[in-house]
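Asker: In the order they appear, the protein sequences are chains A and B.
Reminder that position 135 of the first sequence reads as 135 in our numbering, one-by-one numbering, no gaps.
Reminder that position 98 of the second sequence reads as 98 in our numbering, one-by-one numbering, no gaps.
By construction, these hints were calculated from the structure, which means they are not laboratory data.
It is possible that some hints are incorrect.
[To be verified] Derived, one-sided and incomplete: chain B residues facing chain A with beta-carbon distance under 7 angstroms:
1. Q112
2. A117
3. G286
Think of the CB as a built atom: it goes at the ideal place given N, C-alpha and C, for glycine as much as any other residue.
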Amino acid sequence: MTTDAHRREQRAAAGLVACALVVVAVGVATARPRAGEAQLARVIPDGEVVAQVPARGRDPAAAERARLRRALDTNPRDLATASRLARMLIAAARGGGDPRFLGRAEAALRPWWDEQSPPAEALLLRATIRQSRHEFEPALADLDRLVAAAPGDAQAWLTRAVVLGVRGRYSDGLASCARLDTLASPLVVAACRAPLLGVTGHARGAAAALAAELRFARGPGEAAWAEAALADLELWSGDAAVAEARLRRLLARAPEDGAARAALADLVLDDGRATEAAALVAARDGDDGLLLRHALARVAQGADPATDPTVQAMAARFEAARLRGDSVHQREEARFALAVARDPARALRLAEQSWRIQKEPADARVLLEAAVAARAPGAAAPVLAWLAETGCEWPRLRALAASLRGPR
Amino acid sequence: MKGRSRALLVTSALVVGVGLVVGLARTAHAHKPSDSLLVLSPGAVGSGRWDIAIRDLDDVLVLDADGDGGVTWGELRARQADVTAYALGRLHLRTPAGACALATSGPPAVTQHSDGAYVSLPLALGCAGAALDIDYRLLFDTDQQHRGLVRVDDGRGGAEPILLTARDHQRTVSWSAGVAPRSSVAAFVSEGVRHIWGGLDHVLFLLALLLPAVLRRDDGAWAPVPALRPALSDIVRTVTAFTVAHSLTLSLAALHVVAMPARLTESAIAASVVLAAVNNIWPVFGRHRWVVAFALGLLHGFGFASVLADIGLPRGRLVSSLLGFNLGVELGQLAIVAACLPVAYLARRTVAYRRLTVPGVSAALAIVAIIWLVERALDVSLITGRLS
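For reference, chain B alone in the conformation it holds in the complex (with noise of 0.2 angstroms):
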């Protein structure tokens, strides 16, 4: 019996052997193991995405409920949180300042690779500084194959992927040279007013708000406002107007509660300028500029919202990362404010301030601001594109 049972054993091995030797003999196919892809963008707070093959998550975390060999739409969203969890916790950011605060900076998305359907995971990094160590633990556990492909964005473009294994798992880039580590309220704060400056629609019609902010009308002309006092409190009331317009949708738009097709608000923001810049030469709205101000910084807090929406808001820090951003813009704009409005205060008497400068200056604003117009609406590049 014990030759026999020895017998036995062979066979059974040299079965189960069978398909060990052929794959090896047969094939040599060009393979597709796992990989993830992980693109990390530095900024003030940095932002990134990371694509996770859905067969790899479904491994581990059987997104496949009902087993029938298809992950669906239904199945993946209501895995979400536990998706997110997963590679959020295997993923481990820091730099000179501390660990970043990882997130996801939106709604997870489903795209195509060349090996099929991959989870994209929208992510707000919430770190800066001048470098930035990654410790990659993806899959790792299970798959000791899996490849971590992480492209740190530098702006240039084209840089080849870091390669990361279960081996060779941590990686130390340059990061976002020169900036100051901060904490993250501050860098979206430093984000907002960044915005302003960089913005150029947004500070354009700012300069047509203030531009006759020291004048007053007489006699259909414009006149020299007595006294700073008047022009103090017409500027204030329309920068009030315009931030609580702008917050307010810029609010609603970052919180998902509305949306806004991006063309529409550029359009709409080019035409807001055009009408600020027109009215300081055919004053149609007199002394409520800050009604006009309002009516458009409803428009401009959607512009507002794009510009955050690209950065990406981290989740679970919504409301202080968003006040942080809005501090930006007003501080921003307070500055500009305070730069414009002496000069302008100063030169109000001249005649050369109401004849030349505030139409002139309007009449240009108008212009480029229709040509910004044309190109939005019509999605056309005229002569601006390099400029916006």
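Here chain A stands alone, though its shape is the one from the complex (with noise of 0.2 angstroms):
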């Protein structure tokens, strides 16, 4: 071999190794991080918040649920703490819509919550967490437990008859309201009859008798607590435009009420205004409440379910919420079924499973609905039985029932 053969040889080589060497030197100066590995990079500005939580240093609630958590970490079986700690967790769920809440909350009251018969505030606690799981029966056990060895316990008593309306025993849930009449004010007790008497066709007296009462409210809880008990009776009545109006005074004086600002989505939505009943709930899309309104309302609008985000955004929850095994939210997914993903076969399968749980309007509306759109009349029977007994006067469910009563 020649000396120059050789030294072509070394300097292609070299000229290799270079070459290598400046593929790796590029490499390396325009490396990004792999995919979803934002942690090495500085992609994420020190400053940029990346998830919401309770403000332990503005808000007093949250840190005293913190106080009251530590205390309790080093003493949990001081009942005291678990119970005020486990109702400021409750009131937390209900206000912000946060169903973690209710979990933390149970964890709480962990050291009573598997005992046959606990103290009566970890009783009333248990029972109450339970029925805002739907559990309704072993909410009924505690609290009827809990009423025979405290007959002077006003909670225990108006508890129990809500939850006997959900579970449409309304003569019971009457009965219940009947013993606050020496515990409470004339107003918890035609509050506590509202719902009752609303679903039994006497909407308009109970209105009547509720409204007289409402000056008398102690307190804004309280007064919202009624109003929104006399908003449903108004729209049960006939009379949607006076609970519309109910409902936003409502809002003004508590714009963070949830339960009310639903409510109001529902009569706007129904009375065919859906841009109104979408600028209603936008932004408010942590309550998944709000967030099937928001998406009904889209949808009203002429969204298409497929790719608009806020029907997506409902599809996951109630994807996430199935793969936890919850129920609790079915007659809202049979709503959705219904309107948004247009399967009236499946809306009404939940609609039908729902009503097995809770016999409120609600529920008779949305199988009457269903049952219209399946074209099964038949699965209807059990609603149709139920408005014949109850005698409920709400003119959608009149209607509904009339048009699958009707020739066809």
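Got two chains here, each in a separate frame; can you build the complex from them with the hints?
Answerer: Okay, here's the thing in structure tokens:
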């Protein structure tokens, strides 16, 4: 081999090494973190907020919950601390619609949760958490035990009346309200009776009785509760406009009342004002109840369910709930299946499942609507029987029933 | 006075009670309580990913240091070690071989789920075996309605997750059946062997380097080496150079000292096979093939590193795992050499080997590698999509 050839080979080899090093250098210089590893790169600025959490520094309730939790950590069997924390957590779950707080409340009551007869305080809170998870029969068992042990406990009678109403046991519920006569104000008694009388064909009389007591409300919480019940009665009596005006006044005073906002959005949606309904609930998608109304409004406005982000967000939450085995939202999911997914058969199945558990007018409505859409009038029979038995006056239910009974 | 205080008690109870009752009667929201999502993938060592809501972690670890209601990226990063320790302390995995040495395989990331932001922990499970016992205890002490959704990624996909609850938090799942239990370093060794055998581009590159090792250039043509010794020394030099080079870049990349874009790495590796193959037909580097092996080995090291990143390198056992993986690569490589060299040595005197096998196989290698190069550089799929 000649020296020239040897030199040429050496140069080629050196050139290759240089090339490889250049490739490596270029690669290293242009490297980005692998997908999904935002952490290495300073892609997210340190100051950027990645998650919203309860503000312990600003919200006194959040700070108090954190303090009680620390206290409970050192002494988990301290019933006073545990029940105080559980009470605050239940209030937080209701206020912000975040059900995480309910699981935390249950954890606070863990030492008493499995007891047959826990102390009255723990029993009431356990019943409250159970009914919020739609475990109505265990909740009722707790409440029965509670009122037997402490017949002077107004809260127990009141909660019991509401659960009995949801289960469709209206006369038992009214009897429970009657026990409040000597224990609570006439306003509380009237508000206790309101949903029971409203469903059973006495909405107008119940509304008059409740309206007469409104001005005696003790505090804004009690007033808001009574007004929301009154709006329901007005709706069922056929005075949708009056109910709407009442809910608007209520929301003007308490914009964070998610339940009142959902009720108002339903009224506006039923009146065909989808854009107005969307505006009412937009930017409140954290609350699943309001997210549902938002999705319904978007579809009513003509959005394509397959691409609309609000609809997709709602579908994702239903799927997440399904994965964890939750079924507390069957009524909502039935509405979604009916109006958004346009799957009447599925809507009917969900509505039937829901009807077995709770019997409120809204449950009756979605079942009847699903039966109409699925062309399965036979499936409506239980609700039609319920309607005949109770005499519920809500015009929307009456119209649906008439269309199902009418000649086909 | 007694009657009056009784009335006051009732009133205060009712005010709270109103809150409780209103929530019951008027809302039946579709709720999103607390879930975590844990994906477990079997393999020689096993990997995984665990997504936990930042809201939940904040509740137990107080991530929002300034209490303003927003967890910032900075606040989260500052507590990264606490988050990892909290989570890993509440997940216990074992196989029949013993407890898994669970570790994170990288820093946590932030990911979005239907109800907000989650921390996503990449996991190295550090165990193998036919069955995996899962004991999941995250958050149950503070949230009785928390759920662990565990998806075992068996490669078939689409499996419904296992639902773990406060009362039912243990489960045994079948897990990479047939894989004998091993210590984790041994598992990384086998992962390395598997990779060099499974990664066709590395095998072809080696093949291109090996083909002419039993020949020498004589007057512009291939001639057989007279004895085994020069062939062996050539091989040893070449393989050693390749090994040293790729070990270097593999280590640097696995330790996050340097990083290289996957597309560039893959394209460069394809180009390296082209180069090595063409060099067998028109030799440019002469006896300096070990230099070729070294230069291109640097690129292959990045390729190995990306595999290792997919498997997940357990933190705290970085060095031993890395050594194990590298050792596996070398063993796999030596096995290929041991299989090819004797055949090539015996065939070296035949005209067919010199005139047909070496140029023919090299040309075929070059063509395959050129297709890879185009596919990888342009990010298109030609005909080899199923091969690589």
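Asker: It remains to establish, for every hint, whether it holds in the given structure.
Answerer: Outcome of the hint check:
{"no.": "1", "hint": "Q112", "result": "violated (9 angstroms)"}
{"no.": "2", "hint": "A117", "result": "holds (4 angstroms)"}
{"no.": "3", "hint": "G286", "result": "holds (3 angstroms)"}
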